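Student: The primary structure of each chain is shown beneath.
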Amino acid sequence: MTVFAPAVRKNKLGFLGTLWKYRFYYWLALPGLIYFLVFQYGPMAGILMAFKDFSPLEGYRGIITGDWVGLANFERFCNSYYFWNIMGNTLAISGLKILYGFPAPIILALLLNEVRSLHFKKTVQTISYMPHFLSMVVVMGILRKLFSADTGYVNYFIKLMGGEEITFLADERYFRGILVGSTVWQTVGWGSIIYLAAITGIDPALYEAATIDGANRLQQVFHVTIPSIANVVVIMLILRMGQILNAGFEQIFLLYSPAVYSVADIIDTYVYREGLISMNYEYATAVGLFKSVVAVILVLGTNIIARRLGQEGIW
Amino acid sequence: MIQPITDFYDESLYPGIAEQFGPYMAVMTDNDGELWGLPRTFDMAVYPYIYRADYAEDVGVTEAPATIDDLNTLLYLFQSEDVAGEGKTIPLICTGIGELEWSLLAGYTDYGRGLWLDSTDNKIKLWYVQPGYKDFLTQVAQWYADGILYKESFNINVQQLRELVTEGRVCSSLQWHSSMGIALQTMYQADENTEAVGAFTHKLTGPKGLCETAYKGSSTGLLISAKASDAVVAACLKMVDLELSNLDAWYNSTYGMDAWKYIEGSEIAAEATVPTEDVATETYQGEYRVALGKTRIDEFNELFKTDARYVESNGETAGLFFYYMYTRQYSSVDDVYQPFDFHLNFNGTAVSEEVPEYSDVNRMYEEEVVKFVTGVRSLDEWDDFIAELYAAGMDKVEDAYTAQYADMQ
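Protein chains in written order, with the working numbering: chain B, 1 to 315; chain Y, 1001 to 1409.
Taking CB as the label site, the calculated pair distances span:
no., chain 1, residue 1, chain 2, residue 2, range
1, Y, 1381, B, 115, 53 to 59 Å
2, Y, 1380, B, 132, 47 to 53 Å
3, Y, 1207, B, 243, 49 to 55 Å
In the DSS-like style, the derived pairs of lysine-lysine whose C-alpha atoms are separated by at most 25 Å in a straight line are:
no., chain 1, residue 1, chain 2, residue 2
4, B, 159, Y, 1088
5, B, 159, Y, 1371
6, Y, 1151, B, 145
7, Y, 1151, Y, 1134
8, Y, 1208, Y, 1134
9, B, 145, Y, 1088
10, Y, 1371, B, 145
11, Y, 1238, Y, 1227
12, B, 159, Y, 1151
Hints listed in this document are in silico derivations from the structure and should not be mistaken for laboratory results.
These numbers come from a predicted model, not from an experiment.
Note that beta-carbon positions come from the ideal geometry of N, C-alpha and C, so glycine has one too.
Required output: the full structure, derived from the provided sequences and hints.
Tutor: Spelled out as structure tokens, the structure:
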């Protein structure tokens, strides 16, 4: 019996031909490409500043003409008296946000998926999304009103109960909790969108099969829903790990004070004070580059671990 | 980016500039004698004790406090009498330990808020390691513990301070003058019949003498682009000189051409003729006024000859009063303590670049001093804190400043 295999057609157009044939698609992608080239790849040339003795008075030329200092700026950061404190704060605050803030949208998505009343579901979604649209300045203003030792609502109730007022925002014991709690509140709704989308993509036949096998709703969540969205969760976790050194500059900068430096001073706030305010731009660039390198290592590492565990990585 | 103006500036050509800022050109001059711009500020006394005179009168105090004991009496009276009502009285407010240091430290130490020379080892040292600093801190900590000093003073900003002032809760401040001054001005402008009356004093004395440290004219100034031609440089100098030597020119650049008039009966005080709410719709918003000084300063000072502890509750007058708080009459550096480094040009930026540990020392100082004030850390550990500062690299900072001092000799 003769088996005929379909002939493989060779691309006769070549690269340029293909480029011309699909030119309209490339033109559509062009603005985005230009944006990334100009604003993401182009500024990478400024990384050179991290290895130079840069003078702001020389302007952009100083990046080229400045004296080469090698790793001196990196050494300065790593030898800083507060290096471990700053790194510890960054990792601790970021770690807490991942610990509490990463599962929260997943749990919300799972719960919303189980809600039968469409009206109630939509209402909860709308309310949970709203904090995402508030600017960080507004959110921090709300927190100040809530936790102020002087006129805060929380302290009002504490005093009503006969307790002593607490300066939450100047107390090391409470500051991180306020940061993490406000972050979870602000991001849980918006973060659940992607998981809800993944859940809606699950084949209903799987649920039917589970029902036939006698699984109740909770068992279906653990045995159908969660495994089905596991790849999305892993990808989001990998991307989130790449941000582990971004503990939330804006949030902390708007709330912190010298009284809570020991638990709240992170890499970004330190760089803001010592690098930008003091116009040590080369130092700020070096610390930024340090963060980026660590982030790349973490993303690569997490991706490898995910693939070893049988999950899809980012690549 | 910028160019020196050494070859362009001549006192004989620009008498207005020379009169206002001539003595302060040194802050804009480098060690090689190059003049890099025009100074915008001069040596001032800008950390007075400002208080609500009406509240003081309510508690029976009609004279500005002269000593720390008087100040304590007044502050505790503010608190006990709850002058603002409903338990919302804030006897004293500031936005950080630095503000208190400028306003008060010289009363407890020999060198005030500045670098000083320790004769025991001939080293230049930072202000918080001088004898007496702990006594200053003890007083501030006592105020904090007793609720005299606003509990959130170390995590509020100036805008939040002003909101509290306009709410009528704040009785007094030890702070940069305009923090409370502008807030009081806002109250006057909002309500001409407001009972709030502002007063101030530079003459507070402590165990070691005058409390307020003189503020040196900073090295922020008017700079000119390196791309500017010679003609442009000369024109800029001419414009600044015109503003500083001609009152009409100053008001034109402040309010806009034909947008102001002299207040009736005055040859020097003026007001805008464009209502404030229309400013946003006008194209000109004072962006051409670059100079902070003004001509005929002495005549303006005569306008407030009473050396007013009290100011009339009048929008215009109060506004001008607080504006001129930093004129030479009311902010004469001769009336306050001039620290050791007042006439020396130490370069903190150079030390920061030379000594990486400087940033760590700064952070440790900012963080720990607040803890001593709020009681999180006991003042019994003060000596331990000093040791921690040296472990963080304070000695290298001192060596760097000492080397600069040696170069100046």
